[in-house]
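K.L.:
With these hints in hand, go ahead and build the complete structure from the sequences.
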Amino acid sequence: DLGGTNVRVLLVKIRSGKRRTVEMHNKIYAIPIEVMQGTGEEPFDHIVHCISDFLDYMGMKSARLPLGFTFSFP
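When the letters of the sequence shown are read in order and numbered with UniProt numbering, they come out as residues 1 to 74.
Treat the hints loosely; a few may be bogus.
What the hints assert, rightly or not - Restricting the straight-line Cα-Cα distance to at most 27 Å, the calculated cross-link-like pairs of lysine-lysine (DSS-like) are:
1) Lys61 x Lys13
2) Lys61 x Lys27
3) Lys27 x Lys13
Claimed, not checked - Beta-carbon label-pair distances, calculated as ranges:
4) Val12 x Gln37: 28 to 34 Å
5) Phe73 x Lys18: 17 to 23 Å
6) Arg15 x Thr39: 40 to 46 Å
7) Glu34 x Leu65: 25 to 31 Å
8) Gly4 x His25: 17 to 23 Å
9) Asp56 x Gly17: 44 to 50 Å
10) His49 x Arg19: 34 to 40 Å
11) Pro32 x Lys61: 19 to 25 Å
Treat the hints as calculated values from the structure; they're not laboratory data.
Because the structure is a prediction, the values reported are computed rather than measured.
Note that the Cβ used here is the ideal one computed from N, Cα and C, for glycine as well.
P.N.:
Here's what the structure looks like:
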């Protein structure tokens, strides 16, 4: 989720069956001003770095996961 000056990376695990559960983990990363004012590629490079860091933090660096992306639009 990209909004304002932060990127939030969120992992949602939904388990079905007899006992349905939803488990969420997230981490919020600041977007440096120089990234915001840089080229059009820099924010997306920063997002990739944040996702990579989050997956490493979760011990899921080599996992293949579906990905969604949201951002605020005035």
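K.L.:
Evaluate each hint against the coordinates.
P.N.:
Hints versus structure:
Pair hint Lys61 plus Lys13 holds up; C-alpha atoms about 16 Å apart against a cutoff of 27 Å. Of the pairs offered as hints, the one joining Lys61 and Lys27 holds, with about 15 Å between alpha carbons and a cut-off of 27 Å not exceeded. Taking the CA atoms of Lys27 and Lys13, the gap is near 15 Å; set against the 27 Å cutoff, the hint holds. For the hinted restraint 28 to 34 Å between Val12 and Gln37, the CB-CB distance of approximately 32 Å keeps it satisfied.
Checked against the given bound of 17 to 23 Å, the beta carbons of Phe73 and Lys18, roughly 40 Å apart, lie outside it. Between Arg15 and Thr39, the C-beta spacing of about 41 Å keeps the proposed range 40 to 46 Å intact. The hinted range of 25 to 31 Å is satisfied by Glu34 and Leu65, whose Cβ atoms lie roughly 29 Å apart. Between Gly4 and His25 the CB atoms are about 21 Å apart, so this pair conforms to the stated range of 17 to 23 Å.
One distance hint, 44 to 50 Å for the beta-carbon pair Asp56 and Gly17, is violated here, with the actual separation near 30 Å. Take His49 and Arg19: their Cβ atoms lie about 36 Å apart, and the range 34 to 40 Å holds. Restraint check, Pro32 to Lys61: a C-beta distance of roughly 24 Å satisfies the suggested window 19 to 25 Å.
When held up to the earlier numbered hints, the structure conflicts with 5 and 9 and fits the remainder.
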